[in-house]
Amino acid sequence: MSDSSPETEGALVDEIRWVEDGTRVALTLDESIYPMDAIYGAAYLFVDRCYVFLSREGDRMVEVRLKPKGESSSAALQALAGELANELLNQVLRVRIGDSTRKIREYYMARAFFSTSTQSSIDQLLAELDQEELAEDELEIQVPWETGGAGGG
Amino acid sequence: MINSGTIRLEHPRLDADALGPFRFGRIAGKVLLTHDTGEWHFLSEEDFQALLAGQLTIGHPEQPALVAKGFLREGMDAEAVAERFRRKKRWLGMGPHLHVVITTLRCNQACKYCHASRTDMDRVDTDMSLETARKVVDAALQSPSPYIAFEYQGGEPTVNFDVIRFMVQYSREKNRYENKTVEHSLVTNMTTMTEEIGEWLLANDVLLCTSLDGPKHVHDWNRPHTGSTSGTYDQVMHWIQWFNRRYVEMGRDPNLWHVDALMTTTRKSVENWKEIIDLYVSLGIRNIYLRPLNPFGFITKTWKQVGNDMPEFMAFYEEALDYIIELNRQGVQIIEGNAAIFLKKMLTPDDPNFVDIRSPIGAGTGQIAYNYDGRIFPSDEGRMIDAMGNPMFELGRLGELSIGDAIRHPTVRSMAVASLLDSLPQCSECWNAPYCGVRPLHNYMQGKDLFGQRPNTPKCKQHMGIARLLFERLAADSDGSLDRIFQRWTIQRPRETAPGPATND
Chain A
-5 MSDSSPETEG ALVDEIRWVE DGTRVALTLD ESIYPMDAIY GAAYLFVDRC YVFLSREGDR
55 MVEVRLKPKG ESSSAALQAL AGELANELLN QVLRVRIGDS TRKIREYYMA RAFFSTSTQS
115 SIDQLLAELD QEELAEDELE IQVPWETGGA GGG
Chain B
1137 MINSGTIRLE HPRLDADALG PFRFGRIAGK VLLTHDTGEW HFLSEEDFQA LLAGQLTIGH
1197 PEQPALVAKG FLREGMDAEA VAERFRRKKR WLGMGPHLHV VITTLRCNQA CKYCHASRTD
1257 MDRVDTDMSL ETARKVVDAA LQSPSPYIAF EYQGGEPTVN FDVIRFMVQY SREKNRYENK
1317 TVEHSLVTNM TTMTEEIGEW LLANDVLLCT SLDGPKHVHD WNRPHTGSTS GTYDQVMHWI
1377 QWFNRRYVEM GRDPNLWHVD ALMTTTRKSV ENWKEIIDLY VSLGIRNIYL RPLNPFGFIT
1437 KTWKQVGNDM PEFMAFYEEA LDYIIELNRQ GVQIIEGNAA IFLKKMLTPD DPNFVDIRSP
1497 IGAGTGQIAY NYDGRIFPSD EGRMIDAMGN PMFELGRLGE LSIGDAIRHP TVRSMAVASL
1557 LDSLPQCSEC WNAPYCGVRP LHNYMQGKDL FGQRPNTPKC KQHMGIARLL FERLAADSDG
1617 SLDRIFQRWT IQRPRETAPG PATND
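First to last, the protein sequences are chains A and B.
Residue numbers for the first sequence follow this note's numbering, beginning at -5 and rising by one.
Residue numbers for the second sequence follow this note's numbering, beginning at 1137 and rising by one.
Possibly wrong hints are sitting among the right ones.
Unchecked claim - Mimicking DSSO-like on lysine-lysine, the simulated pairs with C-alpha atoms at most 27 Å apart in a straight line are: (1) Lys1584(B) - Lys63(A); (2) Lys63(A) - Lys1440(B); (3) Lys1225(B) - Lys63(A); (4) Lys1584(B) - Lys1440(B); (5) Lys1352(B) - Lys1404(B); (6) Lys1225(B) - Lys1597(B); (7) Lys1404(B) - Lys63(A); (8) Lys61(A) - Lys1316(B); (9) Lys1352(B) - Lys1316(B); (10) Lys1352(B) - Lys1437(B); (11) Lys97(A) - Lys1410(B); (12) Lys1316(B) - Lys1410(B); (13) Lys1225(B) - Lys1316(B); (14) Lys1352(B) - Lys61(A); (15) Lys1437(B) - Lys1597(B).
Quick caveat, the hints were computed from the structure, so don't treat them as lab data.
Assemble the whole structure, with the sequences as input and the hints as a guide.
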């Protein structure tokens, strides 16, 4: 389980408890500190090396268990626990920055794709074609191909 | 025995409301920030902590660049960010520009890694007919893209050369009314090349690309003739030199007009990487594209004999990349193709629209493949899976399915969803997302799942590995000399056709 306490203004120090039995290691996380998206994101990065199990240990408490796919040792399992903890820090940042900047991203993406200056090239081409007088077409190559009018070779 | 303990984690101070949207990762002892627009910036760990805490403000030496690149909210020009993002993604909605045409499945080679599922030379039933070829041109020119590239593949496409000749001529005629920019490129093993065909290709500006896997002992081991242990190295070398000489005789700039070559990396290639690069340099080839094996076609049966895993490929790639960089420092003009794609995304405001490394992938929306029998696929890989007996990715038939129908096809939509990095686990937060692309059909071949699990996909290891190598080297580039080399790799000069007869029938 996690014990957390505010240290300096805005900063947080947390202690994550781990347990290993020589074949797998489990970390217990407090969801109020580690949102589920951060837990999923961190755990996902281990799926190439480990079998990953998530379980609900109590109200807002989640256990992440990693079982390496190959040989393992206590030292390797403890290193895995440290790696997961570091990744949790990164993932919490990503989630919080993502939440805070979501509207900015949505704004510039909307401006990029849906403002008037992004009129599709299809519309532009159609407008040009409407204004264009096509020349004589003895070979009938303007006939839309899907009508079957341009067959033969 | 059970052990337990605690890990003490100090969470950084975070003033998220001071920040712009960004992704981050740690590379070369620094923190790399990347933006949707492709902008990136290295910070020391100390400055990164200050950025997170909202303490990297006016007066800090990093502040102006971070504002300009959209990493800090105060002073951010959201309209400019939108414009940069629009430019990066301007290919969205343009429609397919790459039209892969399988003129035949017949081939006289039995390459150990053949992805194309070739057939024997007597299988004329796998030749495309002129009627189908005509429908291909009609369909391709229906694409809304103002730029159309026909790429002739096989089998060995020149075995059915009449179809190529017809498509070049017919598309030229038809394009008088469409006014698109139309290019033709031929991917050939050179074994059925003749001077007559060669002169016609030159006169009609058909671009040439061949397979050259390295020096004779490597190339011939990878690419033997059917039913023989003899390879095709001598023929390939002869024709590369013949074409390149003819380009010069025609007054073409050899920097722009020359035979391009592709290599495929087998176990044999890895052992001989330096010889391969030296050979390309000696032939004046300016772009070597170090490609790993793809999980399609015959390679699925021969992998144990010739294949290499991704860590082995990336070790080879790193050595080869550093050697190519060193050659550039000595004044040799050669670039590595994968690196050039990533660098264009990293160092310029544009995106090369390489259909296999973009989000979403270009299958069906940037590329269409036409099988010899008139069936349409979203990509050549979809066609290759069909050739292995699985028609799942067939979109329909020429004459029955319009290009618009193909672009909107549920299969194409599925592939777009499966390759949209913003919605994929790990990719959505990965620092490499602005430069990367996933390959749903590779995922499908490996796990029967278009999405795949990113940490388990070799393409993720390849793309992240390449981008990491490039950023590591840029981080160490204290005098800007590497940046100047890399900038050169991003420049694409347009080919201009020399005056002369347009056709030579």
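Run the distance test for lysine 1437(B) versus lysine 1597(B): straight-line Cα separation, threshold 27 Å. holds (23 Å)
Hint check: lysine 1584(B) vs lysine 1440(B), CA-CA at most 27 Å. Holds or violated? holds (21 Å)
Satisfaction of hint between lysine 1440(B) and lysine 63(A), Cα-Cα up to 27 Å: The hint holds at about 22 Å.
What's the verdict on lysine 97(A) and lysine 1410(B), does the C-alpha distance respect the 27 Å limit or exceed it? Given that 27 Å is the threshold and the Cα spacing comes to 50 Å, the pair is violated.
Given the hinted pair lysine 1352(B) and lysine 1437(B), is their alpha-carbon gap at most 27 Å? Holds - the C-alpha atoms of lysine 1437(B) and lysine 1352(B) are around 24 Å apart, at most 27 Å.
For the pair supplied as a hint, lysine 1404(B) and lysine 63(A), confirm whether the alpha-carbon distance does not exceed 27 Å. Between lysine 1404(B) and lysine 63(A) the Cα gap is close to 30 Å, so the pair fails against 27 Å, i.e. violated.
For a C-alpha distance cap of 27 Å, please report whether lysine 1225(B) and lysine 63(A) respect it. Outside the cut-off at roughly 40 Å; violated.
Quick one, are lysine 1352(B) and lysine 1404(B) close enough, alpha carbons at most 27 Å? Cα-Cα ~12 Å, so holds.
Pairwise hint evaluation, lysine 61(A) against lysine 1352(B), where the allowed Cα distance is 27 Å at most: violated (47 Å)
Holds or violated: are the alpha carbons of lysine 1352(B) and lysine 1316(B) at most 27 Å from each other? Not satisfied, since the Cα-Cα distance of roughly 41 Å exceeds 27 Å.
Pair hint lysine 1584(B) and lysine 63(A), alpha-carbon separation not exceeding 27 Å: With Cα atoms ~21 Å apart, lysine 1584(B) and lysine 63(A) stay inside 27 Å; holds.
Is the hinted pair lysine 1225(B) and lysine 1316(B) satisfied, with a Cα-Cα distance of at most 27 Å? holds (21 Å)
In this structure, the earlier hints numbered 3, 7, 8, 9, 11, 12 and 14 are contradicted, and the remaining ones agree with it.
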